[in-house]
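Could you build all of it, start to finish, from the sequences and the hints given here?
For what it's worth, the working numbering labels the leading residue of the sequence shown as 9, then goes sequentially.
For the record, the hints were derived by calculation from the structure and aren't laboratory data. Only a predicted model underlies this, so the values are computations on that prediction, with no experimental measurement involved. Glycine included, each C-beta is placed from N, C-alpha and C at the ideal position. Worth double-checking, as some hints may not be accurate.
To be verified - With a cut-off of at most 25 Å between alpha-carbon atoms, the simulated DSS-like pairs for lysine-lysine come out as follows:
{"id": "1", "residue 1": "78", "residue 2": "259"}
{"id": "2", "residue 1": "259", "residue 2": "195"}
{"id": "3", "residue 1": "195", "residue 2": "356"}
{"id": "4", "residue 1": "388", "residue 2": "195"}
{"id": "5", "residue 1": "67", "residue 2": "78"}
{"id": "6", "residue 1": "67", "residue 2": "17"}
{"id": "7", "residue 1": "388", "residue 2": "462"}
{"id": "8", "residue 1": "356", "residue 2": "388"}
{"id": "9", "residue 1": "17", "residue 2": "61"}
{"id": "10", "residue 1": "261", "residue 2": "356"}
{"id": "11", "residue 1": "17", "residue 2": "347"}
{"id": "12", "residue 1": "347", "residue 2": "462"}
{"id": "13", "residue 1": "195", "residue 2": "17"}
{"id": "14", "residue 1": "78", "residue 2": "261"}
{"id": "15", "residue 1": "304", "residue 2": "226"}
{"id": "16", "residue 1": "388", "residue 2": "347"}
To be verified - Simulated DEER-style distance windows between Cβ atoms:
{"id": "17", "residue 1": "456", "residue 2": "42", "range": "22 to 32 Å"}
{"id": "18", "residue 1": "351", "residue 2": "456", "range": "41 to 51 Å"}
{"id": "19", "residue 1": "20", "residue 2": "351", "range": "17 to 27 Å"}
{"id": "20", "residue 1": "342", "residue 2": "245", "range": "53 to 63 Å"}
{"id": "21", "residue 1": "347", "residue 2": "189", "range": "30 to 40 Å"}
{"id": "22", "residue 1": "38", "residue 2": "228", "range": "35 to 45 Å"}
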Amino acid sequence: MQQTLSPIKAFSLLFLSIAVVITGIVIIDAPTSIVLIAAGTLVIIFSLVWGIKWDDIEKDILASLHAMFKPILILLAVGMLIGSWLLSGTIPVLIYYGLMILTPAIFLFAAVFICSLMSIMAGTSWGTIGTVGVALMGISVGLGIPPSYTAGAIVVGAMFGDKLSPLSDTTVMASAVTDVPLVEHIKHMLYTTIPGYIISVILYIILGIQFSGQDINKENIDVIMSTLNEAFNLNLILILPPFIVLFLIFKRKPTLPVFGAGILLGCMLAVLFQGSGALEVANALNGGFTDSTGVKVVDEMLQRGGLNSMLETTALLIAAAFFGAPLRTSGVITVILEKIIEVTEQGKTMMMSSLTVHGLLFMITGSYYVTFAVLGPMLKTLYDQYGLHRKNLSRTMEDTGTTLSPLIPWGVTGAFCASTLQTPVSQYALYAPMTYLAIVFAIIYIFTGYGIAKAPQSGKQNAYKERSSKSM
Numbered sequence: 009m010q011q012t013l014s015p016i017k018a019f020s021l022l023f024l025s026i027a028v029v030i031t032g033i034v035i036i037d038a039p040t041s042i043v044l045i046a047a048g049t050l051v052i053i054f055s056l057v058w059g060i061k062w063d064d065i066e067k068d069i070l071a072s073l074h075a076m077f078k079p080i081l082i083l084l085a086v087g088m089l090i091g092s093w094l095l096s097g098t099i100p101v102l103i104y105y106g107l108m109i110l111t112p113a114i115f116l117f118a119a120v121f122i123c124s125l126m127s128i129m130a131g132t133s134w135g136t137i138g139t140v141g142v143a144l145m146g147i148s149v150g151l152g153i154p155p156s157y158t159a160g161a162i163v164v165g166a167m168f169g170d171k172l173s174p175l176s177d178t179t180v181m182a183s184a185v186t187d188v189p190l191v192e193h194i195k196h197m198l199y200t201t202i203p204g205y206i207i208s209v210i211l212y213i214i215l216g217i218q219f220s221g222q223d224i225n226k227e228n229i230d231v232i233m234s235t236l237n238e239a240f241n242l243n244l245i246l247i248l249p250p251f252i253v254l255f256l257i258f259k260r261k262p263t264l265p266v267f268g269a270g271i272l273l274g275c276m277l278a279v280l281f282q283g284s285g286a287l288e289v290a291n292a293l294n295g296g297f298t299d300s301t302g303v304k305v306v307d308e309m310l311q312r313g314g315l316n317s318m319l320e321t322t323a324l325l326i327a328a329a330f331f332g333a334p335l336r337t338s339g340v341i342t343v344i345l346e347k348i349i350e351v352t353e354q355g356k357t358m359m360m361s362s363l364t365v366h367g368l369l370f371m372i373t374g375s376y377y378v379t380f381a382v383l384g385p386m387l388k389t390l391y392d393q394y395g396l397h398r399k400n401l402s403r404t405m406e407d408t409g410t411t412l413s414p415l416i417p418w419g420v421t422g423a424f425c426a427s428t429l430q431t432p433v434s435q436y437a438l439y440a441p442m443t444y445l446a447i448v449f450a451i452i453y454i455f456t457g458y459g460i461a462k463a464p465q466s467g468k469q470n471a472y473k474e475r476s477s478k479s480m
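This is the structure:
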């Protein structure tokens, strides 16, 4: 049987690791990957000193890396996808027509609406951000919209759709691990998701009004459009790749093959319409689009993508896996859950504790696949004992997992958003209010009782009553 630490040692290890992460990232401003590796190393050292076997730690590290492998492959594929779509003219043509149609006043509202619609239909925030999101970032530069505003709107739209789509893997997984019907789970999430979404949309409308009073630099837009027209052979056929990719995702085809098809199609269009050679295509897939148009603002839009652009993020995900694994091996999470069961005597306290623990574990691991799989099965029976419907738990996991994910720089989704949109989490977080307001509303509901569903009348008993009867 695998050995675990005592409660005192487990909590000491948890607080030590959190202190190292906060000190390194917030105070010293050291590279996040190095901070996570340093924190993970300290956890391993203390775990070994306190009797945890290296073989067990190594096993969990490898398991964590294995769990990260698919997201890493998708991340690298998105880098190549962006490189091929830039070289082919796909992203430039989307920027061209976007500048022709959209205005600064309606842009942010249009961005959140388009991303919401795409994400709901496709069931993927990553697919939406990696396709439509990249094009919208380019358009925003031409319209003079700050990248942080645009990235925030894209993230809110993508996560809104991902959270409420019946096609989303996180939505399906949260309902599955808690044994809650999918539709019932989605309906219950509306309580915490819709208010934050409405507030976000209002924010984008207000920000849009701010830009509506400004004169559009028509000359600047004309320069961008003419430069794109001269640098690329623009035609409507070039918009096929994103539509085909989103259609295949909507049809529930596997993500990696779909992105692979998008990359292949982008390469073919680059050869057919832009006259690119094999070496030029290979360089774009590896290092992104590097050609210079001679116009600085256009080069800033286009010089990006490629496999290399995602390597730093890949290192970050590996470091996150290295950090989170020994915390699980040492039994820190198990000890925390046992303490929750031991000290909570009211449903409100239990729900608040589970929200805190899931959010904390998610911030440590950065992966909702891990937290959903670990905590969902362990907590669902606890909700039964307190006479609370399990859909309260499934919603809590999404509020402190799926919705929060773009705000964790070392997390899978946060790292993906920052790399793909080329905007640090710290810059777009303020302009993505839905991502943190969901937790605020969840806490309000816990203490007011609004939006909290009771368990079906099936003989479930309150845990406090059970303890009381046993002690009599």
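Handout entry: Violated hints - listed by number, lowest first
Key = Structure breaks hints 10, 13, 17, 18.
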